[in-house]
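Asks: Each chain is listed here by its residues.
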Amino acid sequence: MNDWVALGQFALNGLFTSSVYALVSLGLVIVFGVMKIGDFAQGAFYVLSSYLVFTVEQYAGLPYGIAALLAVAVIAAISWANGQLVYLPLRRVGIGQTFIGALGVLLVVISVLTLIFGTDAQTVASPWGSYTIRLGGIAISAQKALVIGAALVLIGVTAFLLRYTRWGKALRALSQNEEAAALTGVNPAATRGLAFVWAGVLVGVAGALMAPVWPFEATSGTLLVLKAFAITVIGMGRVRGVLLGALLVGLSETMVQAYWSAQFSDLIPFALLALVMLLRPQALGPDEGRSAPGAHQVQQAIRWPGTVYLALAAGLLVLLSPWWAQMDNFWLHLLILMGLNVIMVSSLDLLTGYAGIPSLAHAGFWGIGAYSYALLMMRWGWPFPAALLGAASISSGAALVVSLVGLRLRQHWTSFTFIVGVIITMLLTDFETVTGGPNGLIGVPAASFVLPGLGPIILNPFRDKLGYFYLVLALVLLVLWIKRRIVRSHMGQALVALREDEGLAQAVGVPTERYKVGVFVISCGLTGIAGGLFASYLTYLNPQFFTFEKSFNLLVMNLVGGSASLLGPVIGPAALTLFAEWTHAFNQSIAEIIFGLLLIWTLIYLPGGLIAGSRRIMRKIMPLAPASLPK
Amino acid sequence: MQRLTRRNFLRALAGSVVGTSLIGGWSGAGWGQAVAPLTVGVLLNQSGSTGTGENKLIEGIQLASDVINEQGGIAGRIPVKLVLEDGRFSPVEAVNGANRLVNRGDVGFVLGPLLSVQALATQPIFAAAGMAQIFFGSAEEFTQQHESAPLSLRYSVQTSIEMAPVAKYAVEVNQQKNFFVLAQNSDAGRSYAAALRAALKQVGGSFIADPEFYPAFNRDFATLMTRVKNSGADALLMGTGIPVEILGALEAYERQGLNPDQVGFYGGIALANENFFQHAGSTGRADGFIFPWIFDDGTDPRDFPRTKPAKQAITMTQAFIQRFGHPPTSEGQLTAWGWGGLQLISTAITGLIAEQGADRLAGMKPVGELPRAAIGYLLEGAAPDRPGRTLQTTFGDLGFFSCGQADILVGAATYKHGTRWLLRDRKWAQALVPPLC
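Sequence order for the protein chains is R and X. With my numbering as the guide, the letters of the first sequence map in order to residues 725 to 1355. With my numbering as the guide, the letters of the second sequence map in order to residues 145 to 581.
Hints are computed from structural coordinates only; laboratory data are not their basis. In this text, all values refer to a predicted model and were calculated from it rather than measured experimentally. Careful, some of the hints might be misleading.
Stated by the list, open to error - Covered stretches of chain X, as calculated for chain R (at least 3 residues, CB under 8 Å):
(1) 238-246
(2) 349-359
(3) 519-532
To be verified - Some residues of chain X that are not near chain R, with every Cβ distance over 12 Å (derived):
(4) R334
(5) N362
(6) W565
Glycine is no exception: its CB is placed at the ideal position from the N, C-alpha and C atoms.
For reference, chain R alone in the conformation it holds in the complex (with noise of 0.2 Å):
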């Protein structure tokens, strides 16, 4: 094969790729003309649909061509059902919450397959047989051609609609301004349901077609959606901006594989995503979104002095250290990496509930806190203090860097956290010299220091756990103290006016970018600490540690225990710790399907959290004298 045959070949791979892209993101695109999140949801109903075209080929021996259709109109359906029972609910509560619920739906989808059909990986065959479409040198399957084919042809469909029809029109004029678009006659509702619908279509053809193309599984869809997520954006939310989107990744993803490195070919939608933030963040669209108003109210309907709880909490510890003693190994175990996810947790509150600015890197600055204190301590001997101090500071100084970079984007905040989150996990993979890479680093040092009147100590953290719990329940207590002095500062103050409107917020003078970059450092430094403790504890590091689905779990814990307060992101991981290990025994496919209907039911019905809810209980018990009760 020829150099330029083969260029050619690398450039029909590309637009093959481009066009799965192209037909996912189409979907993403029409939801988020209405809901404003990345419905990731959609990756688990791509799946959905290849899985229908398996089963119902082989148990009702069905022709491919009418096991596809059905699929399609099965995942149109429960689309369509997805939206109305958990999407518009959410809504009401906020934008965060909807995007996590996608990320619920998207758990309990996939672990429903992988309980039906196994952890195997299926195969369809192709009804083209080994039929390759042949043009010279170039060589394509039958089925790749359909691919590209249907996906011109849906593009061209979904354009029209949008710009001819009048649900299109109704529908570009709620992604515009809901209200107006109201008041113009647009039925909110009816254009809502069939975006939905019009979003299922598009990712079932993909999963249905691309069923007899590559072999799946039930996580199968999990990297095409954020990558068709990232096109989204890269395309600015536009039909044609998509397409561009979804070509430009493809063949680069391609043409990285080609003639660099396949290595970085997953890094190249992330990356460009950046680009994009940063070169043209004013073409992103429309604003994020904040969490709705009415989501803080219940949070800011008791405040109990903070210094109170922190004091009592004290106190209780100390009386309680005979019961720590005669703890169990395992529980001491359990409260260590409790404690360590409350330190992670409380630091994303100063953003998620208090700035009103999510993160979804948290784990990606854990991740460099822990490799910064691992390496801090193997390669230049630094004693564990400082290298737990040098790990808040890299990670600070990483944040700073990323906040400085990532602030012009404003109103996408959240998506670039996103995007830094996946990079960073993709960094510590491939950069190997530093980090040992996939294979980790081993025998990482133990925490040891030296007290006073008690001379140097040395914890073992297989044999020292009641040591590791005390040193970790200091920092925690360490950690809320430095929150709560923050939280009543005139930082936190115009962190709070910050999240309730920016735009006023900078009208009467506070300077908003200022505090987003102060905060977001802050909370990555003691996001470190937590990392340093847990390299320490651990002695093994390895980059599965920090990945998306970490960062995912601690926006939940948050969300879960309740944001914008103390006590919250201290509930939200015990209570999760909790739930985990009563449900250790169960099969995991069921224990995750348990988890993300009740996540999705504790953010619609308790949309402040546990906290918000055992508040309203306690308001019962004791009320409060009306001095305290907000105007």
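Given chain R's structure and the hints, the job is docking chain X onto it.
Replies: Using the frame of chain R, we list chain X on its own:
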């Protein structure tokens, strides 16, 4: 014979908690009387991408446990009780599972994990607790860390063992010397690439280009396979253990019009994986692909004189047929791993009883003392360059090197007309295997 269902496991767990508290642990119950069982922890993934395969491992362990208990227990007197912890394909869950096992206080032996990242994360936990660990991961680091984890044994192969017959067969038999390597961007993938390179160097083969490390779970190999075709390579290595990746690569390989005569398709033991066998091996799509074989129960057709298979292999296969009505599937090696792991523990304890007497062993603490004695028995006479005591296992008669690596050799195999076919025996490529410690 009870299957290890969740209900039975929970019942057993409850019973063990009560039983342990009543008996008061290990010591004090002489082995001439009613005996406290030997509690063995199993830390493997029942879910996640490797769940299907690891459940076969668990199946083998359970089968061995049932057979041992039917015979009255280890040495005819010590029943085995299994405690299963699901690693859930997560290193953190594996750490939690390890901590649960340690916390029980009655688990002296652990089988697993399989995944390297989980094994690396849990090895120091078990080492600190004085628990013996027989694991199945392939990362090179294990044997390098043996000093800090002297009670850990690897009853599995390293990639350097796997790649030895693959390299030799490619170059000396198939005359295919120029390899293009596609490997997962993970510790396993990189290890495969390095091991193949080292083996090829000894037989006159080489890489035609730098290995391509693709992201894990990649299924689209169209572009990479175009590069393979365009490179002039006459052999391709798929350095991964994940079936969905191999199936994706196979699809692209076929679409490029490639066949094993033009560009040989070579891989590790994952080409014997049940999922791959179902979709490719048994359908003839993988005819001519070359991969290492580990487990032999004497039933596969072969190109070399049939030797008597390992006694443990026959016993295991017969027990499997009796239980399930059919022989182990193409993943017999996974079942054999599990069976063999538990049998090693049984062998050690039986041997110690024979050498030191039952009473002496009965007086040993189940955590720390007994595991140390057992591992010491298995490693007796071992050196870095010479395995110790010869043991009967599912993979033949073998010993362990002093760094904890089993002296397992593998042969070369292929598929012919949808059936596994053994091409060369275990010792054929022995000279290419580097020092393992």
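Asks: Could you run down the list of hints and mark each one as holding or not?
Replies: Cross-check of the supplied hints:
A count of 5 residues in the region 238-246 of chain X with a Cβ less than 8 Å from any Cβ of chain R is obtained; the coverage claim is therefore met, three being the minimum. Against chain R, the region 349-359 of chain X contributes 4 residues with a C-beta closer than 8 Å to a partner C-beta. That satisfies the three-residue criterion, and the hint holds. Chain R is given as covering the region 519-532 of chain X, and this is violated because 0 residues of the stretch bring a CB closer than 8 Å to a CB of that chain, at least three being needed. With a cut of 12 Å on Cβ distances, R334(X) falls inside the contact zone with chain R, its closest approach being about 7 Å.
With a least CB separation of 8 Å from chain R, N362(X) falls inside the 12 Å interface cut-off, contrary to its annotation. Non-interface status of W565(X) relative to chain R is upheld: no Cβ of that chain comes within 12 Å, the nearest being about 24 Å off.
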